[in-house]
Every structure is written in structure tokens, then in C-alpha cells.
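2 protein chains.
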Amino acid sequence: MLIVVRCAKVPTLALCAVLAPALAAGADWSEQQLATAGALRDRALSGTTAYEHVTSLVTEVGPRSAGSSGDAAAVRWALNKLGSLGFSQVRSQDVLVPRWVRGHAEVTLAGPNAQSLVAVALGGSVGTSDEGVEAQVLEVASLDALNALPATTVGGKIVFINQRMERTRDGAGYGATVRNRAEGPSAAGHLGAAALLIRSVGTSDQRHGHTGSLNYRVDAPRIPALALSNPDADQLARWLKPGKPVRVRVKSTARELPSSWSANVIGEIPGSERPNEVVLLGAHLDSWDLGQGAIDDGAGVAIVIEAARLIGRLERKPARTVRVVLFANEEFGLSGAKEYARLVGDAAARHVLAVEADLGAGAVWRIQSKVAPDAVPAVDAIREALKPLALEAGNNEARGGSDLRPLHALGVPILDLSQDATNYFDVHHTVNDTLLQIDPKTLNQVVAAYAVTAYLAASKNGDFGRVATEEKEQR
Amino acid sequence: MLIVVRCAKVPTLALCAVLAPALAAGADWSEQQLATAGALRDRALSGTTAYEHVTSLVTEVGPRSAGSSGDAAAVRWALNKLGSLGFSQVRSQDVLVPRWVRGHAEVTLAGPNAQSLVAVALGGSVGTSDEGVEAQVLEVASLDALNALPATTVGGKIVFINQRMERTRDGAGYGATVRNRAEGPSAAGHLGAAALLIRSVGTSDQRHGHTGSLNYRVDAPRIPALALSNPDADQLARWLKPGKPVRVRVKSTARELPSSWSANVIGEIPGSERPNEVVLLGAHLDSWDLGQGAIDDGAGVAIVIEAARLIGRLERKPARTVRVVLFANEEFGLSGAKEYARLVGDAAARHVLAVEADLGAGAVWRIQSKVAPDAVPAVDAIREALKPLALEAGNNEARGGSDLRPLHALGVPILDLSQDATNYFDVHHTVNDTLLQIDPKTLNQVVAAYAVTAYLAASKNGDFGRVATEEKEQR
Chain Y
1 MLIVVRCAKV PTLALCAVLA PALAAGADWS EQQLATAGAL RDRALSGTTA YEHVTSLVTE
61 VGPRSAGSSG DAAAVRWALN KLGSLGFSQV RSQDVLVPRW VRGHAEVTLA GPNAQSLVAV
121 ALGGSVGTSD EGVEAQVLEV ASLDALNALP ATTVGGKIVF INQRMERTRD GAGYGATVRN
181 RAEGPSAAGH LGAAALLIRS VGTSDQRHGH TGSLNYRVDA PRIPALALSN PDADQLARWL
241 KPGKPVRVRV KSTARELPSS WSANVIGEIP GSERPNEVVL LGAHLDSWDL GQGAIDDGAG
301 VAIVIEAARL IGRLERKPAR TVRVVLFANE EFGLSGAKEY ARLVGDAAAR HVLAVEADLG
361 AGAVWRIQSK VAPDAVPAVD AIREALKPLA LEAGNNEARG GSDLRPLHAL GVPILDLSQD
421 ATNYFDVHHT VNDTLLQIDP KTLNQVVAAY AVTAYLAASK NGDFGRVATE EKEQR
Chain E
476 MLIVVRCAKV PTLALCAVLA PALAAGADWS EQQLATAGAL RDRALSGTTA YEHVTSLVTE
536 VGPRSAGSSG DAAAVRWALN KLGSLGFSQV RSQDVLVPRW VRGHAEVTLA GPNAQSLVAV
596 ALGGSVGTSD EGVEAQVLEV ASLDALNALP ATTVGGKIVF INQRMERTRD GAGYGATVRN
656 RAEGPSAAGH LGAAALLIRS VGTSDQRHGH TGSLNYRVDA PRIPALALSN PDADQLARWL
716 KPGKPVRVRV KSTARELPSS WSANVIGEIP GSERPNEVVL LGAHLDSWDL GQGAIDDGAG
776 VAIVIEAARL IGRLERKPAR TVRVVLFANE EFGLSGAKEY ARLVGDAAAR HVLAVEADLG
836 AGAVWRIQSK VAPDAVPAVD AIREALKPLA LEAGNNEARG GSDLRPLHAL GVPILDLSQD
896 ATNYFDVHHT VNDTLLQIDP KTLNQVVAAY AVTAYLAASK NGDFGRVATE EKEQR
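Taken in order, these protein sequences are the chains called Y and E.
Going by the working numbering, the first sequence opens with residue 1, and the numbers climb by one from there.
Going by the working numbering, the second sequence opens with residue 476, and the numbers climb by one from there.
Hint data in this document are derived by calculation from the structure and do not stem from the laboratory.
Quick reminder that beta carbons are idealized off the backbone N, C-alpha and C, glycines included.
Just so you know, not all the hints are guaranteed correct.
Stated by the list, open to error - Under the rule of at most 25 Å between Cα atoms (straight-line distance), these lysine-lysine pairs were calculated in the DSS-like manner:
| id | chain 1 | residue 1 | chain 2 | residue 2 |
| --- | --- | --- | --- | --- |
| 1 | E | K716 | E | K792 |
| 2 | Y | K387 | Y | K317 |
| 3 | E | K916 | E | K862 |
| 4 | E | K792 | Y | K241 |
| 5 | E | K813 | Y | K441 |
| 6 | Y | K241 | Y | K251 |
Said to hold, decoys possible - Now the in silico label distances, taken between C-beta atoms and shown as ranges:
| id | chain 1 | residue 1 | chain 2 | residue 2 | range |
| --- | --- | --- | --- | --- | --- |
| 7 | Y | R222 | E | T728 | 42 to 50 Å |
| 8 | E | E731 | Y | S402 | 47 to 55 Å |
| 9 | Y | V376 | E | R644 | 38 to 46 Å |
| 10 | Y | R238 | E | G630 | 47 to 55 Å |
| 11 | E | K862 | Y | S402 | 40 to 48 Å |
| 12 | E | E527 | Y | P150 | 34 to 42 Å |
| 13 | Y | R238 | E | N751 | 51 to 59 Å |
| 14 | Y | A468 | E | G718 | 26 to 34 Å |
| 15 | Y | S260 | E | S559 | 58 to 66 Å |
| 16 | E | S734 | Y | L96 | 54 to 62 Å |
| 17 | Y | L96 | E | A585 | 24 to 32 Å |
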């Protein structure tokens, strides 16, 4: 088969327009499209402006918890950034967000030689009275161990869940311990505890508490809940080890404020043939208040903006639209993701694929999917197009970024570009989430993976089907 | 030459009593003594209780800045610990110490989207008024650059010395930047600055400010002075980069309190032949308030206690006394070291050698000395006795730990067992100075070096001479 190749000489991207015969029946992509994907990949690997985007966000905006002035600044930043980078249809989508402020927290080992422990209030937790709560500490090894105790044992105590998070590349250790943070406060409150302390859900041996949101149940008293830094959890455990009663005083001025307005920010690279079909690249614009929001999720914001921007600079755009969605308030209730899914209506069926970058700035090492079974070979083909990255093949049970859940529940296929999370949870949700935690070169590798994935998904002859979500299956 | 060796079988330490001929004329040690040194070294390398000592101090006492309740608890802890470990002549030496409390510090990038910067007050710094100080920031590259500016440029500004500390094994980067902290406040105050911010004198990329003491000059106004964490120094530098005026607000409630009492704590392994001749092993009992005082200087306390304890368990004690001195208030003015030297009187001449452990918990990699020239070969012989540690030979210009300065000024020879400081200044003077920063096995290596050094110094046939100190030379 003769294929005539004509290469355009452009300074930054060598693109070849292939005068090929019509796409073979059943093939997902033409040779030309695969060549373009390869060029896009190599272009990204050779250097991108992703690090500049995250530097700009971290410097000009910094922390941006939902509803804060930083959050509002982030929305303005995103609109300006997408506009100045030449995105189309740049717009915001108003989102009502809950508003919680951390205030100041103090945890003190009580006694003749009182010692301060470094701790942070959990997101959404109630504060204490001015004098704080002082009580004896009850250490438990896990949430399950707590739930197995009678109220007579727990009542009036400050519960301390001392479960260590394991360091893993896929972040599985987080899933295994995050329940302590989410469900622990109401579990302890339900049993009459005065307050809850957890060992931070994080792997750092540095003295930073890891925050994150909790879920108070309606049937349990709301008690103050804080995360001790790992070295401080060790210290408390050493005090408890001899078996004598240990008392701790907890003070927190955390409190809820009235709900406030934030926004999803959206920009597009319009499709050349089927612009109303969408490949969604997501990240979240909000961050926790403690750090600069560099790895969570400034990096993700930079990755998806840059991946789409590179696609936008191609001579021949993909058939479908590549839509960047920067979600409001992922951290404290997925407000933006829920609102996006609520407003999407019939267009959900035209969301061909969604991918979210929300696992920091580590290198991509695996592709996983949740697509129709007959589209799995296409996922393999994307992996093949990224061959120099030596990605592992995952399964077809991907769960996607948190912001994709509401959309996924509408049947939208998703893909995970799994980033190396070995060190991510050293920094996640801490004051230490700063630009110094990002390696610019590694960020380029991630951009390459996102750009190629989005380009190929938006160019694909045929879609990725629809998926039955777990919730639907459970019904 | 026939040497009859008789080995005692003891459970923890195989010691050989050598029935040797009299020591050869001019030799520093007998074969028996060198064999004992080797056994002591191997005993320490195979495991010590040093980590238990520092764990006990960190857990039961924790932070212990001069004159604080923690400091008083540390003195009690040390007396009890030395007593329970079987030291002789356990005693304290009252020391009057200055008292400074940190209070609370806030540094904020002023503007429509105010951002908080992580900073810590420098030890001894004055506080601000309740509303704080707000002014334009003037960035300078070094203390010398600041000193070269006219008062008209500096007056009314908040000076920001943005000099990066270099990471080195010997800690030389500290010496090159610590002047910013010590002298910067008065240099800036003298030129009319409203406050001083310095990039932390530390190598960490974590979000911890590094504290440490400053020296206000009598001829300059006392201005508030704080250290930004390194990521926050970067953030401020990024704000300043475009060249537009940047304003910062500084609040600090740091203040001095009336002087208070602390104590040096002393314990001895009495010499078997010349007990009034002393080999001094020093460390300091106080710590900064922010961390747990694990590496600075809990590790040093544990090292010298354990080294002396191991010597105390020898069947044949060395001729001279090994004296452990845990100095009061190294961090904020060397109060304990000065008081020890003031009280030592004629006994200074009977201090044969002094060594201080105050560089964390890293492995020893070099021996340096400041001894009489004809004693340098004895230092080489100590290094030879530590051959498995592969120590480098330094020069004979050692400066010793800070606490040895006043004693050294009286002519007492000193030795440096240089510990690897590559990572020490990531943690030094920060909240992150916790037990997790200490590797127990490495600590054993350091104990081995101290135990062998002290044993051989205390056994040596002849002393290390007297030394002329720099101060004397300068006169």
C-alpha cells in the first residue's frame, strides 16, 4: 500500500500530513493520526510550559479553599489563563460551595511537663469551646477496632486512631486508611467520645498534619476531630505505651461559615468534525488552605491545560472537542463535579471519554480504563502510542478522579493515567504542598500522556461505548 | 616478645587482660589498652542503648529551651538518668540563663489576595505591636550586600536577605550563612529597617522555618527578625521578581522574660590512677522550643552518656576520669559552657581533652584536632583504632563544639569527631527535629567513635599538651 507523506516544516512541531487511503474499516485511527500522536508525545517530552502554569497559579493565587478569597482569585486566574492561551468557549459555571475555616488548633499532652503536639483540624470539623476539651486518651488500632468497642469504654474519652498509612506506588495505602478521617469522627461521636485524634492519613515522617474532609453522620454528635502529624502520633503512642492514663487537651477554633459561590472554569479546543462530542480533561481548581496547592491540584490544572493547549496548536485538530474542566471544590464535597453533571443533561451521552489529573506531579506509570469491553483494544492502542513511557496495562475497572464520579454515574467512560504516588502522600493535604515538590521534567512526561490520550480519544473512529457504573449495577 | 593473654568471659564484652611487659618508653598505649579499645568499638557497633536514651529524653521531656519548664524537666531527667546508669559524682551546676519566648509569628504578603508565609521568629528577637509592621520589601542577596546600602535605601523597609545555604557534608554552608541570622537584624536595624526577614539558614525544601539566636548590637535599634521557610522565601522572591513594590505585614509576639535558673549536669566514670585528670565528653541539654530536640542535641546527650557508660562497664577502667558534661543553654548564649569554664579554675590544666557531640545523629567521617603538635600522632593512633569506620584525617585546626569554646580558650585541647552533616541542616532548629530523624544503627557508630576516643584519651601515657587559642594568638 503506497502512502504519500507530506511533512510541514513548522518550528516547534514536525507534523506530517499523510495522503492516505480512507481509514481501513474497523480501524480506530489512520496512520496519519498515529503519527501526529507520536509527534505530540515527543513534543511534550522535549519540554512544555506546564511548570510555568503551576508556578503562575501558586504564585499569583496560592491557597484557594472553597469559597475563600483565594478561590475567587483562582477562578479569575483560570479564566484569564485559558483566554490568554487561546482556548475557545472560555466560561465559568457558578457553583455553590460550603465554607469552612480552620482557625487555630492546639493539642497538648497534659501534665506537669505539658508538650505541644502538631495537629491540624479535619476539614469540616467543629471547634471546641474556648477552654478546649481535656480528657483521657483511648488509643485504637483502626476504625473497625473503634466500632467494636462499647460506649461505656469510649464515652468521655478522646479517641486516638493510630493506624499507619502504607507507602505504595498506586496510593492504595490511602484508600485503606482514609476511612479513619472520613468516618472516624462520627464513629467516635456515636460512642460518646469527647473528640477524635487520628494519625495523619499520609506517609510523611515530617512534622506536618495531613488535613482532609470528614463526613459527619446525622445520627451522631459532631465532635472536634484533628489529625496529628506522624511524629506526634508516635510521641503520643510512646506516652501511652506504659499503660498509665494519659490526658490530652484539644482546642480548635474551626467553624463553618455560610455557603458561598465559586465556579467551574471551562475552556475548549473545538473539534474539527464533531465539535459537540467531547473528550473531557479534568482537574480541580480549589486546594486545601494549608499549602500552596501545588501538587493538589495545581499540577493537575497545569497538566490538562498544557495537554489541551498542545492539541490546540496542531495543524489538524481532532474531530471531537477537547474540553478542559477545572472543577470547583473537589476537596470539600465535589460541588463543582456535581454541578457539572447536573447541568450536562443530554450532552452526557456525547461525552466520549473523561480523564482527571488529580494525583500530583509524579510520572504516569499505568493506564487503566472503565470503557465498554469492545473499546479496551483502543486503550491498549493508546498505551502503544505512548510506548517510550513504558506504561503498564491496568484493568478495565478504573475508578477515575473524584470529580469524574458524577459524570461516570451517567455512563461516561473514564480512563486513569495512574501517576506514581509513592511520595505524593508525604505532602498531600499539608502545609508542605509547595512548588518545590514538583519536578518540571516529570511534569512534561505526564503532559505527554494526557495530550496523546486526549488527542487519540478525540480522533477515534467510533467511541468508547457507555459504561454501567457500580451504583447502577447495585440497583 | 612474648605476650601472655588471658581473656575473661563476660556476656556482653570480651575483654582480654594482657600480662604484658611494661609500656615501651614513649608509647602512648599498651597492647592491652589498644585491644580494649578495639573491643569497645566492636561492642558499640554491635548495638548500644544510645537510641533508648534519646527516646527517653524526647518522650519524657521534649522541647527544653533555656529556662522553660521543659528545661527544668531535662535537668531532672539527666540527674536521674546518670544516677540510674551508675555514673559517679552525679551533680548539677547552677547556671543563670536568659529567657526568651517565641509567642506567635505571622508574615503575610499584603494585597488583594493576601497570602500567609511560614516564618519563625529568630531567638532573642523583639516582637511587634499588636497590629504588626507593614512595609515594602527590600530584597538583598547577602549581609554584605545589605551593609553596602545607604540608610536612605533601607530606611522604613522590611529587609529580606535571600541567601541560600549550601548543602555540604562538613556543614560549611552553615558557617557561610549563619551571619545573616546573627548579625543581620542589627545590620538592618542600624540602617533604619522596620523589620528583617531572612531565608532560613537551613537546607530543607520542607515548609519549616529554621530558628536560631541573633545578636543585637548595642548601637542599633532592635527590630523584629524572622526566618522564612525556604519554600516561602522562594514565594516571596517570585512576588518580587517582576520588580513592582511588594508589601509584607509582620506580626510577632516574641518577648524576653526575666532571667531564670538552669543547670549543667555532670556525671563521671572515675579514673583508676589519675582521677583528677579529666577527659570531657560534652553535649547540651537544652534545645530550641520548636522541635523535640532529638538531633539537637538529644542525640549528642545520648552519644556521650552511652560512650561513657560503656567505658564504665570495662573491667579495667582508664587511668583518667571520663566526665560527661551536659551543658545548659547552648542555643541562646552558651551560658552553661561559660559557667563551667568560670568555675573550673586550676582544674582546667587537668582537662586533658574535650570533645562535644553537637552535630546531630549522622555517622562520624573524620577526626580533627586542636592539640599540641607533638600529640598529633596520638590523634592518628585513635583514628587507627577506629579503622573499620574508615575515618578521614582532618587537620590540627579543629574548632570543637560551641560549648568547648570557653574551655578551649583556657588552653584545653579539643577533638572533633566530625559527623556527616549532609542532611542535618534540613532539620536543625525546626519543628521537625524529632526522633524520626535518628537512625539507631548510625547512632551506634557515633558511640563507637566517642567511646574509643574517650577511652584512649583517658588511658594515654602523657597528655595532648596545651593549646594556644586564636583569641590568645590575636593578642
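Problem - Ascending list of hint numbers which this structure does not respect - result: 1, 4, 5, 7, 9, 11, 13 and 14
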